[in-house]
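Asker: Residue numbers (this note's numbering), protein chains in the order written: chain A, 1 to 505; chain B, 1 to 108.
Read the hints as simulated data drawn from the structure, not as lab findings.
Any given hint might turn out to be false.
Unchecked claim - Looking from chain A toward chain B, a few residues come up when the C-beta cut is under 10 Å (computed):
no., residue
1, L62
2, G63
3, F129
4, V133
5, Y143
6, G149
7, N153
8, V162
9, L173
10, F174
11, Q193
A virtual CB, placed ideally from N, CA and C, is assigned to each residue, including glycine.
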Amino acid sequence: MNHLVIAPLLLPLLAGITLLLLRGSATPMRQAVSMLATLALVVIAFWLLLQVGDGSVLVYRLGDWPAPFGIVLVADRLSALMVLLTAVLSASVILYALRGADHDARFFHVLFQMQLFGINGAFLTGDLFNLFVFFEVLLIASYGLLLYGGGANRTRAGLHYVVLNLVGSTLFLFAVGTLYGVLGTLNMADITQRLAKISEEDLGVVRAAGLLLFAVFALKGALAPLHLWLPGAYGYTSAPVAAMFAIMTKVGAYAILRAHSLMFGPESGAVAGLLDPWLLPLALVTVVAGTIGVMASKRLSQQAAYLVVVSAGTLLAAFGIGGAEAFAAGLYYLLHSTLAAAAVFLLADILSNARGKALDKLIPGPELPRGQLLAGVFLIIALAISGMPPLSGFVGKWLILQASIGEPGMPWVFAVLLVTSLLVIMTLARSGTMLFFKIEEGATAGKVVRVLDLGSPLALALIGIGLVVYAGPVYEFGQAAAEQLLQSEAYISAVLQAASGGVQP
Amino acid sequence: MEALIAIVIGVLTASGVYLSLRGRTFPVVLGLTLMSYAVNLFLFVMGRLMVGVPPVIQENASYADPLPQALVLTAIVISFGMTAFVVILSLRARAELGNDHVDGGENH
C-alpha cells in the first residue's frame, strides 16, 4: 500500500493537534507551525498528483481491512487534483491571515487545519459513510471559522448556515441508510456494482435515495434553489475564511461529479444517468440567480459571494453537459474559479481596511493612497473572474462553450453563459468605478495599504495567469482525469481487487 | 413491529420538520434534535429488525447486522456534538441580536 494517500489527511490533523497543544506559546510560533504544515501539504499534494499522473488508482485500506468491509481511501487523478487545489489555496489564504485576520491566532489555525483535514478527507475517501463523517469534520471546523471574530451579522448568518447544514446532514444520513438497507454496502465502488444488478422492486427506493444524496450535495455545492444560504454566510465572515470557503462549494461539486460519473454513471445499469435531467437546468438557473445577486449587491464581499454562486452554477453546467470534454472544461474552470473567487474576497478585505468608514460598500469613498495599484489588481482579478480574455476565466468559459457544441442543451448553455458574463463584466466595471474613481470629499481613508498585503491576491492572480500560459497541459490533465472518471470499471476493480489481496505493495 | 417503528420514525421526522420551520431558535433546535433521533432510529432499522440475537457473526446461528449499530453510534456522537454547538450558538445569537428570532428580529 502507498502511504502517501493518507498523508494529506494526517498532516493537517497532526498539525491541528500540535497547534492545540501550543495554544499557550507565542503567536509567531503557532503561525509558523500552521504555515509550514500548509506548505508541506502543497508538496505532498503535488507528489500525490505526480504519482497518479500515469492513470493509476491508488487505494489505501485503513487498518488493512479489505474493501468493501473496511474503509478505503482512493486517490485518482480527480482526487489528487482537488487536494492540490485545496493545498495551494490554503497556503495563500494562511499567508494573508498571518497579517492580522487571525486575531491572536489562538484557535484560528487549529480550526483551519481541521477544516483542511475534513476537505482532504472528503476528496480522498471511497466510502459513502466516511464521506458523511468528513463532511461533518469540515463543517464543524467551518462553523468555528465562520463565527471567528464575532459580530451580530456574522452570528445571524452563522446560525442560518449551521441549521441548514444540520438539516443537510440529516438528509445525508437518510440517503446513506436507505442505500445501505437496499444494497448492504457503503463502499462507493461496491455500491456501483450492486446498483447494476438491482431488482425492479428496489429501483424506486434506490432512485429516491440517489436523488436525496443529490439534494444534499446540491446544498453543499450551492445549486439553485439551495444556494440562498451562501451569500449571507460568505459575505459576512472574515476574508480569509470566505476565501477558504471558495473550495467548500467545490466539495459539493466534486461529490456531485463523483456520484454522477460513478454511482449513477454508465456502469450502474438501471439507475445510470439518474442526475441527467436535473443537473444542467438547475445549474443554469443557479448562474442566472447568482448574476442577479451580483448586480444587486451593495458590498464587494457580498458581490464576491454571489460570484461564487455564479461559478458554482457554471461549473455544474459543465458537469451537466456530460462527456470527457465537458468534464475536462469543468475541471479547468473549477481551478480558475476557486482561485479567482478567493482573490476577490481577499481584495475586498484589503479595500475595506483602506477605505475607512466606507468599508467595502459600493458607495463613493475617500481617495485611496496607492489607489492606482489597488485598481490595477482589481482590474486583473475582475477580468479573470468575469471571463474576459486574456485571463483564465475566458479560457474556462470558452472550453465549456466548446464542449456544449452539438449537445442538446447547447442553445441554453450559450445564451445563459454569454449573457450573464456580459452582465457580470458590466457590474464589476461599475463596482470598480465606484470603489476607485468616485471620490467623496472630506472622507478619511483607513489604513495605508502595504504592498505586502497584496501578496496573497497577487499570488492567486499569478497562478491564474499561469493557468492561461499552461492551459494546454492543465486541460490535458483535466481530460485524462475526465476519461478516468468515465472508465469507472478501472476505479471499481482497483478498489475491489485490493480487497481480495490481488494487488500487494 | 415494522409498521410501528416506521410510524414512530415518520412522526418524529414530521414533528422535526414542523418545529425546525418555526421562527424562533428554541423550537428550531428541538426540531433538529427530533430529526436526528428519527434518522438514528432509521439507520438502526436498516440492519433489519431482529430480537434477541447477538450482533456477532457465528457459524450456524442467526445474527443481527452489526454495521448499522456502528453507524448509529457515529451518527449519535456527531449529532450530539452538533446539537451542543447549535444550542450555544442560539444563546449567543440571543445575546448579540437581542431576541431569539432566527432572523434576529420580527421585521426581517
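Asker: Evaluate each hint against the coordinates.
Answerer: Outcome of the hint check:
{"no.": "1", "hint": "L62", "result": "14 Å, violated"}
{"no.": "2", "hint": "G63", "result": "14 Å, violated"}
{"no.": "3", "hint": "F129", "result": "6 Å, holds"}
{"no.": "4", "hint": "V133", "result": "7 Å, holds"}
{"no.": "5", "hint": "Y143", "result": "6 Å, holds"}
{"no.": "6", "hint": "G149", "result": "12 Å, violated"}
{"no.": "7", "hint": "N153", "result": "9 Å, holds"}
{"no.": "8", "hint": "V162", "result": "6 Å, holds"}
{"no.": "9", "hint": "L173", "result": "4 Å, holds"}
{"no.": "10", "hint": "F174", "result": "6 Å, holds"}
{"no.": "11", "hint": "Q193", "result": "18 Å, violated"}
The structure is inconsistent with the numbered hints 1, 2, 6 and 11, although it conforms to all the rest.
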